[in-house]
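Trainee: Residue-level listing of the chains:
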Amino acid sequence: MYFPGCTLKTTAVNYEETALAVASKLGIELIELERWNCCGVVFNLAADSVIHHIGAVRDLIRAQEMSKKVNDNRLVTLCSMCYNVLKRVNELVKIDSEKLKTMNEFMDEEENYECGIEVLHFIEVIRDLAGYEKVKENTAKPLGGLKVAPFYGCTLLRPKEIGIDNPENPTVLENIIESLGAEAVSFPYRIKCCSAYDVVYDKKIAENRAKEIKKAAIRWGANIIATTCPLCHYNLSLPTRGASIPVVYFTELMAYAFGLENVLNPEVRKVISSLLGEGVK
Amino acid sequence: MSNEEKKLKMVRIYIMGKMYEVPEGLTIMKAMEYAGYRFIRGCGCRGGFCGACATIYRIGNDYKLYTGLACQTTVQDGMYLVQIPFVPAEKPKYNIEKLRPTASTVLYIFPEITRCVACNTCTKSCPQNLEVMDAIQSLIRGDLIKAAELSFDCIACGICSMRCPAEIVHYQVFQLVRRLYGKYLAKKAKHLEERVNEILQGKYAEELEKLTKMSVEELKKLYQSREIET
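Taken in order, these protein sequences are the chains called A and B.
By my numbering, the letter at position 256 of the first sequence is numbered 256, and the numbering carries on one by one without gaps.
By my numbering, the letter at position 213 of the second sequence is numbered 494, and the numbering carries on one by one without gaps.
No lab work stands behind these hints: they were computed from the structure.
Keep in mind that a hint or two might mislead.
To give an idea of the interface, some chain A residues facing chain B are shown, with a C-beta separation under 8 Å as derived from the structure [stated by the list, open to error]:
1) K9
2) T10
3) R35
4) N37
5) C38
6) G40
7) I51
8) H52
9) I54
10) G55
11) M107
12) K136
13) E137
14) Y234
Even glycine gets a Cβ: it sits at the ideal position worked out from N, Cα and C.
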């Protein structure tokens with residue numbers, strides 16, 4: 001089962017289209033939930049918070065309903081924020097039965113959530129289900145010459161209980177990038193915060209942070225940044241004078257390497273092919 | 282009390298806290314009129330279409346707050362009724378001619394939509410049984426058409442907006458959604474366009490003029506002898 005999230009349907013359409021194409025190439029069937037709502041965007045940290053977890057639990061109930069039809073309890077997300085919220089709420093209700101009871105009783109129009117859904121990020125699916133070998137096998141056009149700086153941001157890795165990799169020294173994106181034939185530039189800022197929603201309050205903060213991160217990537221020899229999160233993508237794509245480097249979703253690189261150019265945004269395709277020294281077709 | 286009335290099974294309802302005995306089977310609106318109330322607000326078409334008679338009630342010791350339209354809901358024993366004359370909701374002004382038909386337009390005019398936490402209270406309160414929350418959620422994910430489809434049967438009674446903890450004004454939102462959809466996105470109905478043109482060209486002017494000059498008696502006669510599709 002697949003939970004897209006609101007951003008994937010609005011500003012990050014390229015992320016969804018390429019991810020779905022890549023998944024099907026890898027033999028992974030992602031079935032979108034028949035019904036879903038906003039996950040809540042940010043996991044609410046208040047100890048007594050209940051109402052802000054309702055959205056995520058309702059989505060988990062939707063997944064639970066559908067899991068009986070598709071006979072599979074795995075819910076895959078693409079957006080790192082959705083992953084973080086759904087996973088944390090799922091873990092929370094597993095240990096806090098009192099809170100779960102309150103929420104189940106509040107949502108008396110739904111069936112009870114029984115904590116049986118497993119929340120995964122698409123990257124985990126690639127790593128653990130498909131495997132890097134399969135990524136290599138499907139790479140029709142190796143991305144030799146591309147020096148890709150992976151950018152993880154926060155929500156995929158932290159807190160470490162729900163992180164998909166070592167929160168201080170992750171390698172999964174590097175492995176995927178190298179399986180595509182590109183060079184992974186494992187720069188130290190790859191786990192930094194992109195400044196997240198600071199961009200709403202003061203664009204300057206986000207611009208400064210984006211510049212810092214992009215400068216570091218360039219300094220370490222990268223010519224492109226690959227990310228997993230629509231918000232990181234948005235912030236890093238803010239124009240920054242003196243630090244110009246393209247930012248793409250990792251699935252866009254995969255789609256290119258897999259020969260799925262038709263699902264790529266023409267701008268992105270142009271950027272990748274010009275970096276590869278190929279003429280634009 | 283006539284014999285006929287005595288045969289009726291009566292139920293007890295509470296209007297503004299005062300108990301009345303009314304015949305079973307009446308709608309809330311008729312029961313209130315039976316009790317002696319006269320509606321000058323909170324009443325419109327009496328057919329479940331206009332949304333003017335929003336009602337909130339409790340029954341006996343049930344903890345639940347129920348909602349309904351006074352002209353569509355029948356009385357039950359132990360009903361505590363509250364009639365809502367109008368919903369004190371913000372109504373932003375916009376020029377439909379200058380708007381783009383996208384969900385972001387709607388979010389720009391009604392930014393509180395993004396406060397939705399998916400509690401679904403709106404859906405539970407809707408007397409039309411619409412998936413109100415799903416309609417609001419489809420706007421957050423940029424799907425204006427879905428929002429228009431899901432809210433098509435909204436009659437703007439406003440109960441959802443009074444129940445919403447995020448202070449979203451669903452029914453105003455949906456009106457904008459359907460206006461945008463109808464004006465810019467929905468497939469145009471050719472026969473409707475033709476009919477509007479006929480009206481504008483005065484095809485029915487003469488007939489209408491004749492009607493306006495008729496006496497009440499003549500009108501009544503005409504109305505009673507009208508053709509009714511069966």
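Trainee: All hints are to be evaluated individually against the structure, with a verdict given for each.
Mentor: Hint check:
{"no.": "1", "hint": "K9", "in the structure": "holds (4 Å)"}
{"no.": "2", "hint": "T10", "in the structure": "holds (4 Å)"}
{"no.": "3", "hint": "R35", "in the structure": "holds (7 Å)"}
{"no.": "4", "hint": "N37", "in the structure": "holds (4 Å)"}
{"no.": "5", "hint": "C38", "in the structure": "holds (5 Å)"}
{"no.": "6", "hint": "G40", "in the structure": "holds (7 Å)"}
{"no.": "7", "hint": "I51", "in the structure": "holds (6 Å)"}
{"no.": "8", "hint": "H52", "in the structure": "holds (6 Å)"}
{"no.": "9", "hint": "I54", "in the structure": "holds (5 Å)"}
{"no.": "10", "hint": "G55", "in the structure": "holds (4 Å)"}
{"no.": "11", "hint": "M107", "in the structure": "holds (7 Å)"}
{"no.": "12", "hint": "K136", "in the structure": "violated (35 Å)"}
{"no.": "13", "hint": "E137", "in the structure": "violated (34 Å)"}
{"no.": "14", "hint": "Y234", "in the structure": "violated (15 Å)"}
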